[in-house]
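Enquirer: Chain residues, written in single-letter form:
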Amino acid sequence: MTENHPHHHHDAPISDIEARVKRLEQLLVEKGLVDPATMDELVDTYENRVGPRNGARVVARAWTDPDYKRRLLSDATAAIMEMGYAGRQGEHMQVVENTAEVHNMVVCTLCSCYPWPVLGLPPTWYKASSYRARAVKEPRAVLQDFGVELDPQVRIEVWDSTAEVRYLVLPMRPEGTEDLDQDALAKLVNRDAMIGTGLVVTT
Amino acid sequence: MNGAHDLGGMDGFGPIDASSTPHFPNEWERQVFALTLACGFQGKWNLDQSRFAREQMEPGHYLTSTYYEHWLHGLEALLLKQGIVSEQELREGKADAEGKYTPVAKEKVSAILEKGAPVSIEAETNPEYSVGDQVRLINQHPTSHTRLPRYLRGRHGKIIHYHGAHIYPDVHSRDGKKQPAHLYTIAFDAAEVWGSYEAKAKDRIMVDVFEPYIEQIV
Numbered sequence: 239m240t241e242n243h244p245h246h247h248h249d250a251p252i253s254d255i256e257a258r259v260k261r262l263e264q265l266l267v268e269k270g271l272v273d274p275a276t277m278d279e280l281v282d283t284y285e286n287r288v289g290p291r292n293g294a295r296v297v298a299r300a301w302t303d304p305d306y307k308r309r310l311l312s313d314a315t316a317a318i319m320e321m322g323y324a325g326r327q328g329e330h331m332q333v334v335e336n337t338a339e340v341h342n343m344v345v346c347t348l349c350s351c352y353p354w355p356v357l358g359l360p361p362t363w364y365k366a367s368s369y370r371a372r373a374v375k376e377p378r379a380v381l382q383d384f385g386v387e388l389d390p391q392v393r394i395e396v397w398d399s400t401a402e403v404r405y406l407v408l409p410m411r412p413e414g415t416e417d418l419d420q421d422a423l424a425k426l427v428n429r430d431a432m433i434g435t436g437l438v439v440t441t
Numbered sequence: 004m005n006g007a008h009d010l011g012g013m014d015g016f017g018p019i020d021a022s023s024t025p026h027f028p029n030e031w032e033r034q035v036f037a038l039t040l041a042c043g044f045q046g047k048w049n050l051d052q053s054r055f056a057r058e059q060m061e062p063g064h065y066l067t068s069t070y071y072e073h074w075l076h077g078l079e080a081l082l083l084k085q086g087i088v089s090e091q092e093l094r095e096g097k098a099d100a101e102g103k104y105t106p107v108a109k110e111k112v113s114a115i116l117e118k119g120a121p122v123s124i125e126a127e128t129n130p131e132y133s134v135g136d137q138v139r140l141i142n143q144h145p146t147s148h149t150r151l152p153r154y155l156r157g158r159h160g161k162i163i164h165y166h167g168a169h170i171y172p173d174v175h176s177r178d179g180k181k182q183p184a185h186l187y188t189i190a191f192d193a194a195e196v197w198g199s200y201e202a203k204a205k206d207r208i209m210v211d212v213f214e215p216y217i218e219q220i221v
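Protein chains in written order, with the numbering used here: chain A, 239 to 441; chain B, 4 to 221.
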């Protein structure tokens, strides 16, 4: 890739893996398999353009537009496409709604399946062994790691993304937000709330 | 395959580090991400084949390496398997012969990403099961790629949703053939999966399951 990324450390000693990746990139560019400008474009897309702000806009609209919410829960792929978000790793979307009775949480125990068009790339912990191993077996203990304590009577439904369906959690709208418009609501919605490891709060 | 990737229910990893870190803590991780997607654009392998390539990492290595090292391993393995690069070329970082490939241009990236790659496909049979059916998952341990996690094999659950037919990953990974399989979401009671389960609430695990993984309860 061209070297215009702020995180590139020129001074640090080159590790084995850095050297291995550098050789691989040189080889693939020489073979004509990849173009460094294409690689930059891919990184820029997911580092700077596609991220959880997209999902937050979907959530805020669902909170304020009952017709949209109905469409979102019955055909999420189409409803999300209405907002302009579609494509890779979001081809088959499903939205699951949190209520006073049910809390939804999403994991991929087998790899790292995640709804890229609405949330961007997954956070590091989502791809790490601990979350993938524990989310299905002890979701309440996992939620405590995120500082979330649910009423013991609330049923947790953990969605293990084993196929190509990608899940987005529709969090509960916090009380006291009746006067906020969609933009203001979207600012409250955080990434973890849309994975189900967080809640939306007003403070 | 029963690889280290099949992590559901494993103990001992300790607490989750929920702190926010950048997507690519190191430049090499950014490069591996971009190389993997850019090479994928060449269409020499499919998503299930790239998953299987990562799953075949030696388990001890898989569990002690970071996410993008899994991707790096998978990418190198696929390039070697397809005969696109040789071991010597990988070691030297230099091509033996002139390149015969054409890279996908930067200008095409956004259209490719926006289009995605839907896996819904026309079914060849009617679905065997209906929403509301109580079913059991088969107990099978293939050494090839499968999307039936170990912790659910032999477990009873209830079908709550039908998605239509999708490309069956087990066959897609083996020979690239797009064989349709009906896809359902099945709800499993946590107590059915884990035996004793502490929560008072009736927690559930919801999983997307391909029809060949299901058997009727007799």
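FYI, nobody ran anything at the bench for these hints, they're computed from the structure.
In this text, a Cβ means the ideal position worked out from N, Cα and C, and glycines have one as well.
Please note that a few of the clues may not be correct.
[As the list claims (entries may be wrong)] According to the in silico footprint, chain B covers these stretches of chain A (three or more CB under 8 Å from chain B):
#, region
1, 278-289
2, 359-367
3, 388-400
4, 407-417
Enquirer: Evaluate each hint against the coordinates.
Expert: Here is how each hint holds up against the structure:
no., hint, in the structure
1, 278-289, "holds (count 7)"
2, 359-367, "holds (count 7)"
3, 388-400, "holds (count 11)"
4, 407-417, "violated (count 0)"
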